[in-house]
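Engineer: Now for the letters of each chain:
2 protein chains.
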Amino acid sequence: MAKFTKRVFTILLRLLALAATVSATIVMITSHETSSLLSFSFDVKYSNTPAFKYFMIVNAIVSVYSLLILFLPPKSQLWRLVVALDVIIAMLLISGISAALAIAYVGKKGNSYAGWLPICGQFHKFCNQVTGALAAGFIGAIVYLVLILNSIHAVLNPLLV
Amino acid sequence: MAKFTKRVFTILLRLLALAATVSATIVMITSHETSSLLSFSFDVKYSNTPAFKYFMIVNAIVSVYSLLILFLPPKSQLWRLVVALDVIIAMLLISGISAALAIAYVGKKGNSYAGWLPICGQFHKFCNQVTGALAAGFIGAIVYLVLILNSIHAVLNPLLV
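First to last, the sequence lines map onto chains A and W.
Position one of the first sequence corresponds to residue 0 (numbering that gives the first Met the number 0), numbered consecutively onward.
Position one of the second sequence corresponds to residue 0 (numbering that gives the first Met the number 0), numbered consecutively onward.
Derived from the structure by calculation, the hints contain no laboratory data.
As the list makes no split between identical chains, a pair holds if one copy fits it or if it spans any two.
Derived lysine-lysine pairs resembling DSSO-like cross-links, with alpha carbons at most 30 Å apart:
1. 44 <-> 124
2. 124 <-> 52
3. 124 <-> 108
4. 107 <-> 44
5. 108 <-> 44
Extracted from the complex, chain A is given alone in its bound form (with noise of 0.2 Å):
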């Protein structure tokens, strides 16, 4: 029976894992904005920046993964594999966050060190967009941490008794 709970309780994580890399995804590919100052239009969208770019490859393959591993039958020899490939994607996902969330971070308050301005008061909606998909992103991989934390747990634990 704790197996049972325990059993469900990793679906349910991986669903919320799945909902939140497919949302980061759609949500940074949608993000794109025109604004225009004096007579000239800006067009801002996300694969402007390379970071943010790779952020939404990133919960792509992340949201494929997610996918594929709710059709794994629990008793296949592949769940063993699963822990190691569960890291690899956990590290994947917070190096997309991270990149995008350092260029995310110039966007809104700008270097001025660099001479970098921030683009925020122009584009307000596309800023509200991206920080959506990296807050999203984020809950991917919190999910993704439990889930490592978890296997570790699960895998020590009749060690050590």
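Position chain W relative to chain A; hints supplied.
Structural biologist: For chain W alone, kept in the frame of chain A given last:
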């Protein structure tokens, strides 16, 4: 005998991680350059950029952790915790590298859409030092990934047979 070889291999890896993260910390802290353009004098240092500061702090934390772990007695019960700690440390490291790399990329190439100009033309020495720090941090992250996959393998191996 195989166990002894494995232990030496792990200690060597941890020494390498220590060396890499200490180097990354020191190279990042000492990155500093003054350049004059027309009659103005510009001063760049790592602490002007939050992402570089974060990278330095993360590497300092990982250095301390890598050093402490070397003094943990081989029979200590704490070794069971080390797998989980290694995962968290590796994630911190990858997060720091990704954030710093995203900013370093803008420093090198700029982002014409956001109007952020590259600064590496003026600050050649600074850029090279940041690149060096990133490379050292990257080596540290790879070593931690190997350590984690090795631990997972070692723990799962008896279960696989």
